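*Asks:* Chains as they are written, first to last, in numbering that gives the first Met the number 0: chain A, 0 to 345; chain B, 0 to 269.
Warning: the hint list may mix true and false statements.
What the hints assert, rightly or not - If you want the ones that stay clear, here's a sample from chain A, every Cβ over 12 Å from chain B, calculated:
| # | residue |
| --- | --- |
| 1 | Phe75 |
| 2 | Gly76 |
| 3 | Gly77 |
| 4 | Glu78 |
| 5 | Arg87 |
| 6 | Gly108 |
| 7 | Arg193 |
Stated by the list, open to error - Partner residues are not named here, just some residues of chain B that face chain A (Cβ under 7 Å, in silico):
| # | residue |
| --- | --- |
| 8 | Phe51 |
| 9 | Pro90 |
| 10 | Gly98 |
| 11 | Ala101 |
| 12 | Ala183 |
| 13 | Lys184 |
| 14 | Arg203 |
| 15 | Leu204 |
In short, the hints are calculated from the structure, not lab data.
All values derive from a computational prediction rather than experimental measurement.
Don't be surprised by glycine CBs; every beta carbon is placed ideally from N, CA and C.
Residue-level listing of the chains:
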Amino acid sequence: MSSNPLPSNTSRYGGCTLTGALSVTTSVAGSISIVHGPSGCAHHNFSLLHATALEHDGAEVPQILSSGLLENEIVFGGEAALGQALARAASLGPAYIFVLSTCIAETIGDDAAAVCRIDRGIPVIPIPTGGFLGGVFEKGVNNALCTIADTAPVCTRDGTVNIIGEKNLEYEVEENHAEIVRLLSALGLFVNIRFVHQILPDDIAALGRASLNILRDQGICPVGEHLKERFGTVYLPSFPSGFSGTLRFLEQAAAACGVPSRPAWSDEQAVQEDLLAGFSDLAGTCIALNGAGPASSAYGVAHDVASALRMKVSADGCRVPVPVSPPVGTAGIRRMLHRWRRAIYA
Amino acid sequence: MKQIALYGKGGIGKSTTSANLSAALSMQGLDVLQIGCDPKRDSTRMLMHGSFIPTVMDLVRERGDAQLALEDIVHTGFNGVRCVEAGGPEPGVGCAGRGIIATFQMLEKFGALSGDVIVYDVLGDVVCGGFAMPMREGYAQEVYLVTSGEIMSLYAANNICKAIRRLSQRSKSTCRLAGVICNAKNMPREDELVGEFARRVNSRLVQYIPRDRSVQVAEMHKQTVIEYAPDSEQAERYRTLALRVMENSAFTIPTPLDINELESLALEYF
């Protein structure tokens, strides 16, 4: 979900629009996502999402159905097959049915949106996800978030905060969320909804209630703009990273919500000083950063942390891991330093 | 086995030319299979005395491909010419090009691609890869362009030259341009224009077929000219075409024109 253009990141950040959208829609509890295409498109995404859920100790099986297009449907059109899949999904009584198209369904010109408009007594929401049309994983995430957001009504703001576009497939999704909750709590702010992470269907309607949206990273700024236009909600473009970035985040969130930042800012600075003191044994160590490359923003944070601990960064130093995405908040830096310590003392 | 394909602009007379060519070839004692590769399914109608035979795609849609046998899709028409219509989806849905590919796979499965000559009558333009299927390795090695002297017809023929040229660059491709057939609208100097077009795309005019009332009369009687009016001059032209096709060995990689060249050429003969 980063827009890092480095060739080494093309595969990581390119990917399939369908997969990006499914990472969102399958996180709406009680919903079914229909993949309108050959069964393989559903299968490999199911495998990925299921494996990720297991990594997160989740017992939930992703609710994905395929319209199961075969050659005859490609030749004669696949809309009837989609209709059958919708009937099957509707018979299971979900809160929502999401319909995600695939490359081949778009190629043969199936009008999935028209099939979705037939009343089945259940909200059926088509999401454009034909990857060959130019989208990547990030585009799928954004399309899904914006489409689901459009189902929520405009309502009165209540001073809470939405978390927007969490990376549902990233390993530390819960830890990162917990860090944002901790920082917001220090400001006396509360989270309204996680849009979209294991969200209940009824909670989606509360999307417009928050006074501030916090985006996971800058890749979903189009979603932030969409929500701003629809609900008038201002947004911060990413989770905080680095010592100074975390303190700045407190100031920005406080300003956006009209609450004082100074007590929380000072407390957080003390937390950061305690953190550095706790890792003072690493001072003077020579390390080599090992990760996605010097151009990644995570490297910038890693350099700052190394500098704060008076560590030397050199190609012949001890290799320490740098996460793909910058560590979130002070807690993210703590987890990164624990990994560095393990590497250094290994 | 000789495999030839006739390509050209829609409505230019490919099916009429193909059916009369197949009929004339059959009169030489050859075992001929004609395959209509067009969703409008009328390629073989005159060979079948006006009947629209069930298309492969209709049968697949109605019965499923597991329920089909060779005799369901291959129908015998005038003088033993075997006829197949690929058909396609209903207008506005699905993928007609994929339907052509699926038809070829089914014909391969049944071993239907046999005989002395196979004539592929293909939709006007090579609009996608499916309609280039007859040009692929293992199918038609010889492509004939059917065109009149009208600029849009020449434009379509020129586009097909581009497709042949592209496909001929593939390592195992044997597809070549075998010649140009002028199915005339009886415009002034039309034979000269189409002949010059053929020369400029590195080929030659194989046969000039003037517009003749005998074709319409034969078709009103649901027959080819070869069957309905075998002694007519038009029938003789189709027989000559059949002889030239069988004797032809001048196959080339075409040199398509750019649009300015094509328009200048048409202007010269206007």
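*Asks:* Are the hints correct? Go through all of them and say.
*Replies:* Now the hints, each set against the structure:
The claim that Phe75/A lies off the interface is violated: its Cβ sits roughly 5 Å from the closest Cβ of chain B, which falls inside the 12 Å cut-off. Against the 12 Å criterion, Gly76/A falls within the reach of chain B, whose nearest CB is about 3 Å from its own CB. With a closest Cβ-Cβ approach of about 8 Å to chain B, Gly77/A is found to fall inside the 12 Å limit, against its non-interface label. Glu78/A, annotated as away from the interface, has a beta carbon of chain B within 12 Å; the closest lies near 7 Å.
Under the 12 Å C-beta cut-off, the non-interface status given to Arg87/A relative to chain B holds; the minimum distance is some 20 Å. Against chain B, the non-interface label of Gly108/A is violated: not every CB pair exceeds 12 Å, the least being about 7 Å. Residue-level check passed: Arg193/A sits 40 Å from the nearest beta carbon of chain B, beyond 12 Å. For Phe51/B, the interface hint is violated, since its Cβ never comes within 7 Å of a Cβ in chain A; the closest pair sits about 18 Å apart.
The criterion of a C-beta within 7 Å of any C-beta in chain A is not met by Pro90/B, whose closest approach is roughly 11 Å, and the hint is violated. Hint status for Gly98/B relative to chain A: holds, with the closest Cβ pair at about 4 Å, below 7 Å. Evaluation of the Ala101/B hint against chain A yields a held restraint, the C-beta minimum of about 6 Å falling below 7 Å. This hint is violated: Ala183/B has a C-beta 36 Å from the nearest C-beta of chain A, more than the 7 Å allowed.
For the restraint placing Lys184/B at the interface with chain A, the shortest Cβ-Cβ distance is roughly 34 Å, beyond the 7 Å limit, so the hint is violated. Because the smallest distance between the Cβ of Arg203/B and any Cβ of chain A comes to about 37 Å, over 7 Å, the interface hint for this residue is violated. The restraint placing Leu204/B at the interface with chain A is violated, with a minimum CB-CB distance near 37 Å, outside the 7 Å limit.
Comparing the model with each numbered hint stated earlier shows that hints 1, 2, 3, 4, 6, 8, 9, 12, 13, 14, 15 do not hold.
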